[in-house]
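Undergrad: Here is how the chains run, residue by residue.
Protein chains: 2
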Amino acid sequence: MNTNSGAILVLSGPSGSGKSSLIGVIKEHIGDHYFSISSTTRAARDGEIDGVHYHFLDEKRFKQEIEDDQFLEYAFVHGNYYGTSIAPVKQALKDGKLVIFDIDVQGADAVKHRMGDITTSVFITTPSLSTLKKRLSSRGTDAQDVIDRRLEMACREISRMSEYDYIVINDDLDHAAKIIIRVALAARLKVPTLQINEFVQQWEQS
Amino acid sequence: MNTNSGAILVLSGPSGSGKSSLIGVIKEHIGDHYFSISSTTRAARDGEIDGVHYHFLDEKRFKQEIEDDQFLEYAFVHGNYYGTSIAPVKQALKDGKLVIFDIDVQGADAVKHRMGDITTSVFITTPSLSTLKKRLSSRGTDAQDVIDRRLEMACREISRMSEYDYIVINDDLDHAAKIIIRVALAARLKVPTLQINEFVQQWEQS
Numbered sequence: 124m125n126t127n128s129g130a131i132l133v134l135s136g137p138s139g140s141g142k143s144s145l146i147g148v149i150k151e152h153i154g155d156h157y158f159s160i161s162s163t164t165r166a167a168r169d170g171e172i173d174g175v176h177y178h179f180l181d182e183k184r185f186k187q188e189i190e191d192d193q194f195l196e197y198a199f200v201h202g203n204y205y206g207t208s209i210a211p212v213k214q215a216l217k218d219g220k221l222v223i224f225d226i227d228v229q230g231a232d233a234v235k236h237r238m239g240d241i242t243t244s245v246f247i248t249t250p251s252l253s254t255l256k257k258r259l260s261s262r263g264t265d266a267q268d269v270i271d272r273r274l275e276m277a278c279r280e281i282s283r284m285s286e287y288d289y290i291v292i293n294d295d296l297d298h299a300a301k302i303i304i305r306v307a308l309a310a311r312l313k314v315p316t317l318q319i320n321e322f323v324q325q326w327e328q329s
Numbered sequence: 124m125n126t127n128s129g130a131i132l133v134l135s136g137p138s139g140s141g142k143s144s145l146i147g148v149i150k151e152h153i154g155d156h157y158f159s160i161s162s163t164t165r166a167a168r169d170g171e172i173d174g175v176h177y178h179f180l181d182e183k184r185f186k187q188e189i190e191d192d193q194f195l196e197y198a199f200v201h202g203n204y205y206g207t208s209i210a211p212v213k214q215a216l217k218d219g220k221l222v223i224f225d226i227d228v229q230g231a232d233a234v235k236h237r238m239g240d241i242t243t244s245v246f247i248t249t250p251s252l253s254t255l256k257k258r259l260s261s262r263g264t265d266a267q268d269v270i271d272r273r274l275e276m277a278c279r280e281i282s283r284m285s286e287y288d289y290i291v292i293n294d295d296l297d298h299a300a301k302i303i304i305r306v307a308l309a310a311r312l313k314v315p316t317l318q319i320n321e322f323v324q325q326w327e328q329s
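Residue numbers (our numbering), protein chains in the order written: chain B, 124 to 329; chain U, 124 to 329.
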């Protein structure tokens, strides 16, 4: 029962927390994973590939999918739609994979609400706001107003950190990687309540 | 924050599920653990040592401790009191240890209720009732009426399996050991909500 069923690992954390590097670590260590790719109506940035970084949809198509109840969660942020299609997630769970979400606090909430019993949630953060500022500035990829917006969002998201199952303070990447692997390996073991109840029913008869 | 705070691992499962062997595995792998020893008013059996298998108390002392609110949980089962003193658990948590409980469903419920945010719970079971019957009979340590009572209790406890965070089906001990180590390593990472909230408060100022 333990090893064949799919499960969900939700990862949240501010841009600059090192979340992407840690997701890379998880992908390396958990063979049978499916990394959920969000859909969005925002324009692709330089270097972003459709179907890799996002599924880029126009607004008409996105709204149609909302109407058809095709999203596990979606949100309208800074003038653009972002969402997670439910079909590939269901398929990956059926295939027994660990489905990994890189998602904001609001989205994480929606996933936990809908898939609670097989969901493990992790919040990744820097040790301090000043560290986050430093990391965002030193990347040199974002304009100051983008950085300011990210910092503001980070403060908002961090205030809801205690809603997560685990917290990873990414001070040292090697240490954080060790922690995230432990969490991912355990997350893999979650079993849907429905399946447990079936097992219980069969247990007495066998 | 992650590595220095204590956490709780609650293990339940019928007698004959191999729970004791798996607890041995956890003790070997998690260096800084504290295995919670229950107190009881029942007489010590052959080979049982006071302070190792149980703290054996007389009824007067046990009732006094109940009155003094010294128990994290207690119960009256088959004519005897069983309970967990709170003081050593608090001390072990303060020392940053993983506190391991071998406890029935009712006790697990009480611990989760009181220490929820740092508690991970695991139910250990045989793949089937017939396997459990076979294991209990082949041990040759218990009289038939004791075995019957254990089987009856097992059926009652297993019906509440889905209340646990993780299920371990102990079909093959090596495989179950691998699973339980994964769960224990992750359980170690739970952080009290209070501590997370303190971190959040400091985060913006630092």
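Among the hints, erroneous ones may be present.
In silico DMTMM-like pairs for lysine to aspartate or glutamate, Cα to Cα no more than 25 Å straight-line [stated by the list, open to error]:
1) B:Lys235 <-> U:Asp232
2) U:Lys217 <-> B:Glu286
3) U:Lys301 <-> B:Asp294
4) B:Lys301 <-> U:Asp155
5) B:Lys301 <-> B:Glu151
6) B:Lys235 <-> U:Asp294
7) B:Lys213 <-> U:Asp294
8) U:Lys150 <-> U:Asp294
9) B:Lys217 <-> U:Glu280
10) U:Lys217 <-> B:Glu321
11) B:Lys301 <-> U:Asp218
12) B:Lys257 <-> U:Glu321
13) B:Lys301 <-> U:Asp232
14) U:Lys235 <-> B:Asp294
15) B:Lys257 <-> U:Asp294
16) U:Lys213 <-> B:Glu286
17) U:Lys301 <-> B:Asp271
18) B:Lys301 <-> U:Glu286
19) U:Lys235 <-> U:Glu280
20) B:Lys256 <-> U:Asp155
21) U:Lys301 <-> B:Asp297
22) U:Lys257 <-> B:Asp294
23) B:Lys256 <-> U:Glu321
It is worth saying that the hints were derived from the structure and are not from the lab.
Undergrad: Does Lys235 of chain U pair with Asp294 of chain B here, judged by a C-alpha cut-off of 25 Å?
TA: The given pair, whose Cα atoms are some 31 Å apart, is violated under the 25 Å limit.
Undergrad: For the pair we were handed, Lys301 of chain B and Glu286 of chain U, check the Cα-Cα distance against 25 Å.
TA: With Cα atoms ~29 Å apart, Lys301 of chain B and Glu286 of chain U exceed 25 Å; violated.
Undergrad: Is the straight-line distance between the alpha-carbon of Lys235 of chain U and that of Glu280 of chain U 25 Å or less?
TA: Within the cut-off at roughly 16 Å; holds.
Undergrad: Is Lys217 of chain B within 25 Å of Glu280 of chain U, Cα to Cα?
TA: 29 Å, violated
Undergrad: Given the hinted pair Lys301 of chain B and Asp155 of chain U, is their alpha-carbon gap at most 25 Å?
TA: 18 Å, holds
Undergrad: Is the Cα-Cα distance between Lys257 of chain B and Asp294 of chain U 25 Å or less?
TA: 51 Å, violated
Undergrad: Verify the proposed pairing of Lys301 of chain U with Asp297 of chain B, using a straight-line Cα cut of 25 Å.
TA: 23 Å, holds
Undergrad: Within a Cα-Cα threshold of 25 Å, do Lys301 of chain B and Asp232 of chain U meet the stated pairing?
TA: Violated, because 31 Å separates the two Cα atoms, which is more than 25 Å.
Undergrad: Between Lys257 of chain B and Glu321 of chain U, is the straight-line Cα distance small enough, at 25 Å or below?
TA: Measuring from Cα to Cα gives roughly 22 Å; hence the hint holds.
Undergrad: With a cut-off of 25 Å on the C-alpha distance, tell me whether Lys235 of chain B and Asp294 of chain U pass.
TA: 31 Å, violated
Undergrad: Checking one constraint from the list: CA of Lys301 of chain U to CA of Asp294 of chain B, max 25 Å. Satisfied?
TA: Not OK: Lys301 of chain U and Asp294 of chain B at ~29 Å, beyond 25 Å, violated.
Undergrad: Assess, step by step, whether the Cα of Lys257 of chain U is no farther than 25 Å from the Cα of Asp294 of chain B, and give holds or violated.
TA: 51 Å, violated
In terms of the numbered hints stated before, the structure departs from hints 3, 6, 7, 9, 10, 13, 14, 15, 17, 18, 20 and 22, listed from lowest to highest.
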